[in-house]
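**Q** Sequence:
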Amino acid sequence: MKGLIQLPYDASVRVLLASLERNLLPDTVIRSLTRLLLASRLRSGYKPSSELQLSDLLHLVHSLKEMPIAIKTEEPKAQHYELPTSFFKLVLGKNLKYSCCYFSDKSNTLEDAEKAMLELYCERSQLTDGHTVLDVGCGWGSLSLYIAKKYSNCRITGICNSTTQRAFIEEQCRYNA
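Residue 1 is where the sequence shown starts when you use my numbering, and the numbers rise one by one after that.
Treat each hint with caution, since some may be false.
[Unchecked claim] Straight-line alpha carbon distances no greater than 25 Å define the calculated SDA-like cross-link-like pairs of lysine to any residue that follow: (1) K115 <-> T164; (2) K94 <-> L127; (3) K115 <-> C173; (4) K89 <-> D129; (5) K72 <-> E21; (6) K149 <-> Y175; (7) K115 <-> T28; (8) K106 <-> D129; (9) K149 <-> T109; (10) K94 <-> L110; (11) K106 <-> G137; (12) K115 <-> S99; (13) K149 <-> E75; (14) K89 <-> C100; (15) K115 <-> K72; (16) K89 <-> G137; (17) K47 <-> L64; (18) K94 <-> C154; (19) K89 <-> A148; (20) K106 <-> L96; (21) K149 <-> T163; (22) K149 <-> D112; (23) K65 <-> T164; (24) K94 <-> T163; (25) K94 <-> S152; (26) K150 <-> D135; (27) K149 <-> S162.
[Stated by the list, open to error] DEER-style ranges, computed between Cβ atoms: (28) S55 <-> D10: 49 to 55 Å; (29) A11 <-> R174: 25 to 31 Å; (30) R22 <-> S55: 40 to 46 Å; (31) T163 <-> R31: 49 to 55 Å; (32) N153 <-> P26: 26 to 32 Å; (33) L64 <-> S104: 32 to 38 Å; (34) R174 <-> L83: 18 to 24 Å; (35) N153 <-> S55: 27 to 33 Å; (36) L120 <-> V13: 32 to 38 Å; (37) R174 <-> T34: 41 to 47 Å.
These are calculated hints, taken from the structure and not from any lab test. For glycine and all other residues, C-beta sits at the position ideal for the given N, C-alpha and C.
The whole structure should be built from the sequences, with the hints applied where relevant.
**A** Structural data, given as structure tokens:
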């Protein structure tokens, strides 16, 4: 019986995800589905007793310890990490901020939003000149390079898994030295 219910459910999920990826779902539908998924996730996490709750949590912890840190890393790396720098210079801002930006108001440009986000990182990490910084997953080095310019006495180590990104960062370091 479970299989009879699971097949249409799986098909519906595939159709919804395909529609979502093509930006065909209105915001109201997306919000409703998000609420349903979050409610379902919350319900699945709560158990009738603290013993069952703890058992469930311990099972999760054990399963996480058995999992690899990352899976199928080569495919995404080939898809976007090794694209030429010239592509990212076209689609990103001046700092090549690879993840999120902070648009504090609607009139901000992409460059303003990049700088605002980099400033927010520094502020929230309480960074001061002379600190040692480890930037894991540094992308194109936007934060590392920003910190190096702003705080000349910081020692910064950036780690990325892309030879293209590393070459770009090293070039910027030589250029700005």
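**Q** Determine for every hint whether it applies to the structure shown.
**A** Hints, one by one, checked against the model:
1. K115 <-> T164: Distance ~23 Å between K115 and T164 Cα, so the pair holds.
2. K94 <-> L127: 22 Å, holds
3. K115 <-> C173: Answer holds: K115 to C173 is near 19 Å, not above 25 Å.
4. K89 <-> D129: Violated - the C-alpha atoms of D129 and K89 are around 29 Å apart, more than 25 Å.
5. K72 <-> E21: 21 Å, holds
6. K149 <-> Y175: The hint holds at about 12 Å.
7. K115 <-> T28: 32 Å, violated
8. K106 <-> D129: Violated, at about 32 Å.
9. K149 <-> T109: Judged against 25 Å, a Cα distance of about 21 Å means the pair holds.
10. K94 <-> L110: 8 Å, holds
11. K106 <-> G137: 29 Å, violated
12. K115 <-> S99: 13 Å, holds
13. K149 <-> E75: Not OK: K149 and E75 at ~34 Å, beyond 25 Å, violated.
14. K89 <-> C100: It holds: about 16 Å lies between the C-alpha atoms, which stays within 25 Å.
15. K115 <-> K72: Violated - the C-alpha atoms of K72 and K115 are around 33 Å apart, more than 25 Å.
16. K89 <-> G137: Status holds; Cα separation ~19 Å.
17. K47 <-> L64: 20 Å, holds
18. K94 <-> C154: Since the Cα atoms of K94 and C154 sit roughly 22 Å apart, the hinted pair holds (cutoff 25 Å).
19. K89 <-> A148: Holds - the C-alpha atoms of A148 and K89 are around 20 Å apart, at most 25 Å.
20. K106 <-> L96: Between K106 and L96 the Cα gap is close to 20 Å, so the pair holds against 25 Å.
21. K149 <-> T163: 23 Å, holds
22. K149 <-> D112: 17 Å, holds
23. K65 <-> T164: 32 Å, violated
24. K94 <-> T163: Judged against 25 Å, a Cα distance of about 20 Å means the pair holds.
25. K94 <-> S152: Holds, at roughly 20 Å.
26. K150 <-> D135: Answer holds: K150 to D135 is near 15 Å, not above 25 Å.
27. K149 <-> S162: The hint holds at about 23 Å.
28. S55 <-> D10: 49 to 55 Å: 28 Å, violated
29. A11 <-> R174: 25 to 31 Å: Check failed, 54 Å falls outside 25 to 31 Å.
30. R22 <-> S55: 40 to 46 Å: 41 Å, holds
31. T163 <-> R31: 49 to 55 Å: 41 Å Cβ-Cβ, so the 49 to 55 Å window is violated.
32. N153 <-> P26: 26 to 32 Å: Hint violated: Cβ distance 52 Å, outside 26 to 32 Å.
33. L64 <-> S104: 32 to 38 Å: Since the Cβ atoms of L64 and S104 sit about 36 Å apart, the hinted range of 32 to 38 Å holds.
34. R174 <-> L83: 18 to 24 Å: Given about 22 Å between the Cβ atoms, the range holds.
35. N153 <-> S55: 27 to 33 Å: 51 Å Cβ-Cβ, so the 27 to 33 Å window is violated.
36. L120 <-> V13: 32 to 38 Å: 36 Å, holds
37. R174 <-> T34: 41 to 47 Å: For R174 and T34 the Cβ distance comes to about 46 Å; the hint holds.
Consistency with the previously given hints fails for numbers 4, 7, 8, 11, 13, 15, 23, 28, 29, 31, 32, 35, ordered from lowest to highest.
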